[in-house]
Amino acid sequence: MSTAAAPARRAPVAADDPRLKDTWFVRQLAALAVGLVVLALLPFVLSDRAETVAVRTLIFAVMAVGWNLMSGYGGMFSFGHAAFFGIGAYMDAFLLTEHGVSPWISMVLGALLAAAVGVLIAYLCLRYRLAGSYFALATFAFAQMFLLLVQNLEVFHKTEGFNVPILPSDSWAKLQFQQGSPFYFWIPLALLALGVLTTILFARSRSGQFVQAVRDDETAATSLGIPAMRYRLLAVALSCAFTAAAGAYYTQYYLFVGPEQAFGSSVSIEAIVPAVIGGIGTVWGPVIGAAVIGPLSELASSTLRNPPGFLEFLEGTAGLDVALYATILIAIVLFLPKGVFGSVRDRWRR
Amino acid sequence: MSLLQVQGVSKAFAGLRAVDDVSIELPEHEFLGIIGPNGAGKTTLFSLLSGEQSPTSGQVVFDGQDITGWPAHKVAHTGLVRTFQLMRPFGSMTVLENVTIAALQRHRSRPAARRHALEVLDRVQLGDQYATESGSLSTAGLKRLELARALALEPRVILLDEVLAGLVPAERAPMIELLREVHADGLTVMFVEHIMAAVMALSERLVVMHEGAVLMDGPPREVVEDPRVVEAYLGEEPA
Numbered sequence: 028m029s030t031a032a033a034p035a036r037r038a039p040v041a042a043d044d045p046r047l048k049d050t051w052f053v054r055q056l057a058a059l060a061v062g063l064v065v066l067a068l069l070p071f072v073l074s075d076r077a078e079t080v081a082v083r084t085l086i087f088a089v090m091a092v093g094w095n096l097m098s099g100y101g102g103m104f105s106f107g108h109a110a111f112f113g114i115g116a117y118m119d120a121f122l123l124t125e126h127g128v129s130p131w132i133s134m135v136l137g138a139l140l141a142a143a144v145g146v147l148i149a150y151l152c153l154r155y156r157l158a159g160s161y162f163a164l165a166t167f168a169f170a171q172m173f174l175l176l177v178q179n180l181e182v183f184h185k186t187e188g189f190n191v192p193i194l195p196s197d198s199w200a201k202l203q204f205q206q207g208s209p210f211y212f213w214i215p216l217a218l219l220a221l222g223v224l225t226t227i228l229f230a231r232s233r234s235g236q237f238v239q240a241v242r243d244d245e246t247a248a249t250s251l252g253i254p255a256m257r258y259r260l261l262a263v264a265l266s267c268a269f270t271a272a273a274g275a276y277y278t279q280y281y282l283f284v285g286p287e288q289a290f291g292s293s294v295s296i297e298a299i300v301p302a303v304i305g306g307i308g309t310v311w312g313p314v315i316g317a318a319v320i321g322p323l324s325e326l327a328s329s330t331l332r333n334p335p336g337f338l339e340f341l342e343g344t345a346g347l348d349v350a351l352y353a354t355i356l357i358a359i360v361l362f363l364p365k366g367v368f369g370s371v372r373d374r375w376r377r
Numbered sequence: 367m368s369l370l371q372v373q374g375v376s377k378a379f380a381g382l383r384a385v386d387d388v389s390i391e392l393p394e395h396e397f398l399g400i401i402g403p404n405g406a407g408k409t410t411l412f413s414l415l416s417g418e419q420s421p422t423s424g425q426v427v428f429d430g431q432d433i434t435g436w437p438a439h440k441v442a443h444t445g446l447v448r449t450f451q452l453m454r455p456f457g458s459m460t461v462l463e464n465v466t467i468a469a470l471q472r473h474r475s476r477p478a479a480r481r482h483a484l485e486v487l488d489r490v491q492l493g494d495q496y497a498t499e500s501g502s503l504s505t506a507g508l509k510r511l512e513l514a515r516a517l518a519l520e521p522r523v524i525l526l527d528e529v530l531a532g533l534v535p536a537e538r539a540p541m542i543e544l545l546r547e548v549h550a551d552g553l554t555v556m557f558v559e560h561i562m563a564a565v566m567a568l569s570e571r572l573v574v575m576h577e578g579a580v581l582m583d584g585p586p587r588e589v590v591e592d593p594r595v596v597e598a599y600l601g602e603e604p605a
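Here the protein sequences come in this chain order: H and W. First residue of the first sequence? That's 28 in the working numbering, and the numbers climb one at a time after it. First residue of the second sequence? That's 367 in the working numbering, and the numbers climb one at a time after it.
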């Protein structure tokens with residue numbers, strides 16, 4: 028590979044050329060640090076019930092941050108992230124209840140397995156040139172296959188799922204604390220911070236830049252020497268790993284997981300919706316979207332449990348949350364196509 | 367030995383031979399023009415050379431190495447780089463980020479790649495638009511961006527697919543000058559072009575393609591005056 032024939036008549040650019048100044052990285056890290064400190068204080072002011080909603084929101088956020096790495100930055104729209112969330116949730120439940128393995132270890136193992144499965148699925152889809160809605164449909168089909176598989180395998184207790192035995196005292200190794208303990212909030216917050224940090228680092232890394240180039244124009248990226256498949260699969264692996272970690276934490280927090288909670292199609296939707304609302308392919312979009320959707324989904328389910336007079340006919344029904352997501356999605360797509368964060372950022376720049 | 371050797375390359379699509387037994391030698395430092403009516407197979411030939419498509423038969427040899435059927439990203443790393451007639455910017459990125467993508471192939475570190483990218487942008491006179499969203503560049507800007515990305519890879523041979531198409535006449539002269547400069551700096555160029563003024567100004571040798579095959583190959587003056595070439599172009603005024 029000779030570079031001797033390179034154009035030599037370039038005027039050199041000084042290392043301190045003002046055009047090279049790039050504060051993006053520092054600003055993102057600062058925002059992350061500030062956000063982390065502020066959110067870490069929340070358990071001291073929130074009621075127990077509000078903290079439950081906050082934890083649910085954090086789980087949403089970790090899933091969405093994961094989804095965003097593959098589908099936002101990588102441009103491969105996954106409609107089947109339930110597969111990876113489920114792998115994480117079931118790896119934890121199975122290893123803990125059957126073999127007494129620490130959830131921390133299961134979380135890592137689940138993340139690794141989900142990354143491997145995700146890479147295999149994505150490889151097959153890309154290898155056979157599935158793109159756009161066909162890619163999304165294929166990922167959905169895989170997630171449904173996992174759902175059916177789990178529902179029918181005795182080793183996974185079929186449709187009954189797993190109950191995590193409640194311990195008499197706090198245990199870091201088994202990730203169990205007294206109800207209402209701030210650790211139940213801080214641990215998913217740490218996962219989220221790790222997810223956002225990964226996104227920030229990835230977005231500006233060599234690999235992350237290549238993935239975005241491939242997303243924008245695969246032919247052009249390839250002609251510039253980028254092996255598209257390799258970098259795409261890297262984004263997929265990262266994405267699936269974080270989504271699986273969210274799943275493992277789900278099992279630990281609710282102390283129960285069944286096929287629908289882990290592999291149901293509503294889980295896939297819950298990974299997508301926050302990212303779309305907040306802004307696909309942005310660092311903060313999924314986090315902001317989750318902050319909108321988490322409390323709203325709680326509001327929807329409490330409304331169904333205890334509807335006010337004029338909504339009495341809704342009592343005991345299910346699915347209001349999904350209807351609500353759909354309504355918000357339509358509004359977002361119509362009025363803020365780049366999501367809340369994406370649209371505000373673009374306005375700011377002008 | 368020529369730097370790039372195209373040996374009897376053909377590409378058939380469902381019976382249609384888009385490129386038919388084409389052989390072209392490209393010696394180092396040459397500026398080779400390729401002309402021909404629409405549908406003559408020029409862009410398909412570029413796709414075969416750059417690895418986007420594999421030839422049905424024939425061989426592509428670059429710098430003594432048989433690269434026939436290599437994937438496009440691998441071909442780009444050998445130093446054989448193409449641009450696209452329809453510009454393909456990375457729409458979510460600024461002008462500088464677009465070129466940095468290419469520069470990252472030559473520099474491991476991002477700061478070094480950005481600096482190199484900026485030098486290339488200055489070179490193609492896009493340096494002051496470094497922060498523009500690439501999608502909002504004018505056609506002339508996008509053409510320069512295509513060229514800048516390719517140059518940032520520090521290629522040995524560059525395949526230019528109609529870099530002047532879509533430019534108004536006033537924008538052509540500076541582009542022709544720029545191409546002359548990068549060539550003078552040591553780059554080997556093969557370019558497809560319809561604008562004959564540019565073809566005649568830049569080409570050291572001219573190949574005419576017609577219905578997938580090479581119709582003529584020789585010094586530009588002789589080639590354009592050949593009756594067969596004139597006939598191939600009938601009804602399609604060589605502008």
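Simulated from the structure, these hints should not be mistaken for lab results. Just to be clear, a hint being listed does not mean it is correct.
Stated by the list, open to error - Straight-line C-alpha distance at most 16 Å; calculated EDC-like pairs for lysine to aspartate or glutamate: (1) H/LYS48 <-> W/GLU463; (2) W/LYS440 <-> H/GLU245; (3) W/LYS440 <-> W/ASP429; (4) W/LYS440 <-> W/GLU463; (5) H/LYS48 <-> W/ASP429; (6) H/LYS201 <-> H/GLU325; (7) H/LYS185 <-> H/GLU245; (8) H/LYS185 <-> H/GLU287.
Unchecked claim - Label-pair distances were calculated between CB atoms; the ranges are: (9) W/PRO437 <-> H/PRO192: 51 to 61 Å; (10) H/ALA168 <-> W/GLY381: 53 to 63 Å; (11) W/LEU544 <-> H/THR50: 31 to 41 Å; (12) W/ARG474 <-> H/THR50: 16 to 26 Å; (13) H/ALA41 <-> W/GLY405: 44 to 54 Å; (14) W/THR505 <-> H/PRO364: 22 to 32 Å.
Since the structure is predicted, the reported quantities are computational estimates derived from the model, not experimental observations. Virtual Cβ for every residue (Gly too), placed ideally from N, Cα, C.
Hints versus structure:
Between the alpha carbons of H/LYS48 and W/GLU463 the distance comes to roughly 13 Å, so the proposed pair stays at or under 16 Å and holds. Restraint check for W/LYS440 and H/GLU245: the C-alpha separation of about 14 Å stays at or below 16 Å, so the hint holds. With a C-alpha separation of about 14 Å, the suggested pairing of W/LYS440 with W/ASP429 holds against the 16 Å cut-off. For the hint pairing W/LYS440 with W/GLU463, the CA-to-CA distance comes to about 22 Å; that exceeds 16 Å, so the pair is violated.
Between H/LYS48 and W/ASP429 the alpha-carbon distance is near 39 Å, which puts this suggested pair outside the 16 Å criterion. Among the hinted pairs, H/LYS201 with H/GLU325 is inconsistent with the structure: their alpha-carbon atoms are about 27 Å apart, more than 16 Å. Proximity of H/LYS185 to H/GLU245 is assessed by CA-CA distance (about 42 Å); at most 16 Å being required, the pair is judged violated. Distance check on the hinted pair: H/LYS185 and H/GLU287 sit about 11 Å apart at the alpha-carbon level, within 16 Å; holds.
Taking the beta carbon of each, W/PRO437 and H/PRO192 are about 53 Å apart, inside 51 to 61 Å as hinted. Distance hint for H/ALA168 and W/GLY381: a CB-CB separation of about 36 Å, inconsistent with the stated range 53 to 63 Å. For the pair W/LEU544 and H/THR50, the beta carbons lie near 32 Å from each other, so the given range of 31 to 41 Å is met. Distance hint check: the CB atoms of W/ARG474 and H/THR50 are about 22 Å apart, consistent with the given range 16 to 26 Å.
The given range of 44 to 54 Å is respected by H/ALA41 and W/GLY405, whose C-beta atoms sit roughly 49 Å from each other. Taken as a hint, the range 22 to 32 Å holds for the pair W/THR505 and H/PRO364, whose Cβ atoms sit roughly 26 Å apart.
In this structure, the hints that do not hold are numbers 4, 5, 6, 7 and 10, in rising order.
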